[in-house]
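J.: Model the full assembly from the supplied sequences, consistent with the hints where possible.
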Amino acid sequence: MAATLTANCRCVLPGGFRLDAALALPLDEAPVTVLFGPSGAGKTTLLRLLAGLERPDAGKIVFRDRTWCDTARGVWLEPQQRRAGMVFQHYALFPHLTVERNVAFAATGQAAARMMERFGLSGLAGRLPRAISGGEQQRVALARALAASPDLLLLDEPLSALDASARIRTRRELRGLLASAGVPSIVVTHDRTEAIALADWMAVMVEGRILQTGPVREVFARPASAQVAEAVGVENILPAEIVSRGAGLLRLAVGRAVLESLDGGESGPVLASIRAEDVALTRDAVGASTQRNRLTGVVRAIAIEGPLARVEMDCGFALVALVTAQSAADLNLRPGESLAAIVKTTSVHVIPAG
Amino acid sequence: MDWQAIGLSLRLALATTLVLQVVGMPLAWWVTFSRRRWKFLVEAVVALPLVLPPTVLGFYVLIAIGPRSPVGALYARLTGGLLPFSFAGLLVASVLYSMPFTVQPMVAAFGSVDRKLLEASWCLGISRASTFRRVVMPLARQGIATAAILSFAHTVGEFGVVLMVGGNIAGVTRTVSISIYDQAQSLDYAGAWHTSLLLVAFSFVVLAVTYSWQRRAWMLWPPH
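Chains S and W, in that order, are what the protein sequence lines are.
Under numbering that gives the first Met the number 0, the first residue of the first sequence carries the number 0, and numbering increases by one thereafter.
Under numbering that gives the first Met the number 0, the first residue of the second sequence carries the number 0, and numbering increases by one thereafter.
Keep in mind that the hints are not guaranteed to be accurate.
Stated by the list, open to error - With a cut-off of at most 16 Å between alpha-carbon atoms, the simulated EDC-like pairs for lysine to aspartate or glutamate come out as follows:
1. S:K59 x S:D69
2. S:K59 x S:E156
3. W:K115 x S:E156
4. S:K343 x S:E259
5. S:K59 x S:E77
6. W:K115 x S:E53
As the list claims (entries may be wrong) - A short list of chain S residues far from chain W (calculated; beta carbon distances all over 12 Å):
7. K59
8. R65
9. A144
10. A178
11. A223
12. E229
13. R255
14. L307
15. D313
By construction, these hints were calculated from the structure, which means they are not laboratory data.
From a predicted model like this one, the values you see are computed outputs, not experimental measurements.
Every residue gets a Cβ at the ideal spot worked out from N, C-alpha and C, and that includes glycine.
T.: Below, the structure written as C-alpha cells:
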C-alpha cells in the first residue's frame with residue numbers, strides 16, 4: 000500500500016531519552032491509525048514532531064506530496080502551515096471562550112455551526128469549558144479541530160482524561176466520529192482495549208522506536224518480536240457473541256461458556272478481551288460471590304515465570320491466567336486437573352469485532 | 000498644595016505607563032518564552048532598577064541623553080531641544096526606572112498561560128501574533144493591569160532619578176516628590192504634610208487594590 004505519511008525522525012530529549020522512529024502509514028486505506036506503546040515510549044513526542052511542535056535533530060516528514068520537514072535540505076513548515084489538527088490529552092480548550100467560540104476559533108461561522116450540530120454541542124453553545132463534562136470537552140476539542148478543516152487529525156491519549164465509565168461510552172462514540180470524519184487520524188494510546196476498539200491500523204512504539212506497523216488484528220495476532228508481544232500483551236482475546244443484555248450488563252457466549260460484562264452499547268460480533276492477571280483460579284466449590292464469571296476448565300499447561308505462574312486452561316476456549324507462583328504451589332496445580340477460573344465482570348472488556 | 004506638581008506627576012506617570020505597555024509587553028513575551036542561554040542577562044538588566052540607587056540610574060541616564068551623546072545629539076537635531084531637564088528626558092528615565100514593574104508582572108502572567116493553549120491555536124492555523132492577541136492577552140489581562148498600575152504608582156513616587164535627570168523646574172520637571180522635598184527644605188511643614196499624606200493614601204489604595212486582585216504581584220522573576 001502506498002504510504003500517505005512517512006516520517007523518519009531522530010532526536011534526543013532534554014532528559015537524555017532517544018527517539019529514533021521510522022513510520023510509514025497508508026492513511027488513505029486505513030483512516031484511523033493507533034500509535035501504541037507503553038508510557039514513556041515517546042509516542043507523544045512523535046505526535047508533536049508530526050504536528051510541528053517539536054523539531055527533530057535530524058529527520059524528514061512527508062505528508063502526501065508535501066514535505067513538512069527535511070533537516071538535510073533545511074525544510075521546515077510551522078504548525079500553522081501543516082494543517083494537522085491536534086487534540087491534546089487534556090483538550091486545551093480556551094478557558095475564556097464559550098464552547099461555540101472555541102469551535103469557531105479558526106473556522107467560518109458556517110463550518111463551526113455544522114460541527115456544533117454534528118457533535119451534538121448546540122445545547123452547550125454558551126457554556127464555558129470548565130462548566131461541561133470531560134466527555135463533552137473531548138467532543139468540543141474534536142469539533143474545534145475538524146472545523147478548521149485539517150488534512151490530518153492527531154489525538155494524544157484522547158480518552159485518558161475521562162473517568163472509567165465515560166471512557167467506555169466515549170470510546171465507541173469516538174470510533175464512529177473518527178471513521179466518519181473524512182480526515183485520516185493518528186491516535187496515541189497506551190491502552191490495548193482502546194487500540195483495538197479505535198484503530199484500523201497500528202504502529203507499535205517501544206523505547207523511542209517503531210517496532211511494527213500493520214492492521215490492528217494482525218499486529219495483535221502476529222507480533223513480530225518478543226518486545227512487541229510484550230507491549231501488546233493481551234493474553235486473552237476471545238471471539239464472542241452477545242446473547243442478551245439487561246441491567247447494564249451483557250451476556251456473552253464465548254465457546255461453550257457464558258461471560259458477563261458491562262454493557263457499553265456494543266452490538267454485532269464482538270471480541271472479549273481479558274488480561275491474564277485478571278483471571279483468578281480456585282478449587283472451591285460454587286463461590287459465594289454472584290458478581291463473578293465462574294468458568295470450570297482443565298489445566299493444560301503451567302509455566303513458572305519468576306514470581307508468576309502462567310496457567311493455560313481449557314474452559315471450552317483457551318484461557319490464560321497469570322497468578323503468583325506461590326498460589327500456584329498452594330493450589331498444587333497439575334496439568335489435566337479440573338479447576339474453576341474467576342473473572343470479575345469489570346475485567347471483561349468488550350470490543351467490536353468490526 | 001502644589002497642584003502643578005501633582006498634575007505633572009500624573010502626566011508623567013500616565014505617559015510612562017503607556018510607553019511601558021508598548022515596550023514592556025514584547026520584552027516580557029520574549030523573557031517568558033525565549034530559550035536563549037543568555038536570557039538571564041536580559042532579566043538581570045531589566046531588574047537592575049530594583050536594587051540600584053536611583054541617583055546612579057539617573058546619573059547614567061543624564062550622561063546617556065546629554066547633548067554630547069549620540070541619543071542626545073540625534074534628539075537635538077530632530078527637535079531642536081535638549082533631553083536633560085525636560086519632560087521628554089524625564090520620560091526616558093522613568094521608563095527605564097519602572098521597567099521591572101511592568102515586565103515582571105507580565106512575565107508572571109504570560110508564564111501562567113498554559114503553553115498547550117498556544118500550541119492548540121498554532122495547530123489550528125492561527126499565527127503567533129494572533130494567538131497572542133486572542134489567547135494570551137485575554138488570559139493575562141489581570142497581570143497586564145497589575146503591570147500598568149504598579150508602573151503608574153512607582154512613577155508617581157520616584158525622586159532620585161527625577162532630581163538627577165530633570166532638576167527642579169516648576170511646571171516642567173518638578174514632580175510631587177520633589178515638591179515635598181522643597182516644602183520641607185523651606186520649613187513649609189503643613190504643605191509637606193498634606194502632599195505626603197495624599198501620596199501615602201494614593202499608594203496604599205493602589206497596592207490594596209492590586210493585592211486584592213493578584214496575590215503574587217510583587218514576586219520577582221517567576222520560575223521557568
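J.: Take the hints in turn and mark each one as holding or not.
T.: Tested hints:
no.	hint	verdict
1	S:K59 x S:D69	holds (4 Å)
2	S:K59 x S:E156	violated (24 Å)
3	W:K115 x S:E156	holds (14 Å)
4	S:K343 x S:E259	holds (8 Å)
5	S:K59 x S:E77	holds (14 Å)
6	W:K115 x S:E53	holds (13 Å)
7	K59	holds (20 Å)
8	R65	holds (15 Å)
9	A144	violated (7 Å)
10	A178	holds (22 Å)
11	A223	holds (32 Å)
12	E229	holds (31 Å)
13	R255	holds (51 Å)
14	L307	holds (39 Å)
15	D313	holds (50 Å)
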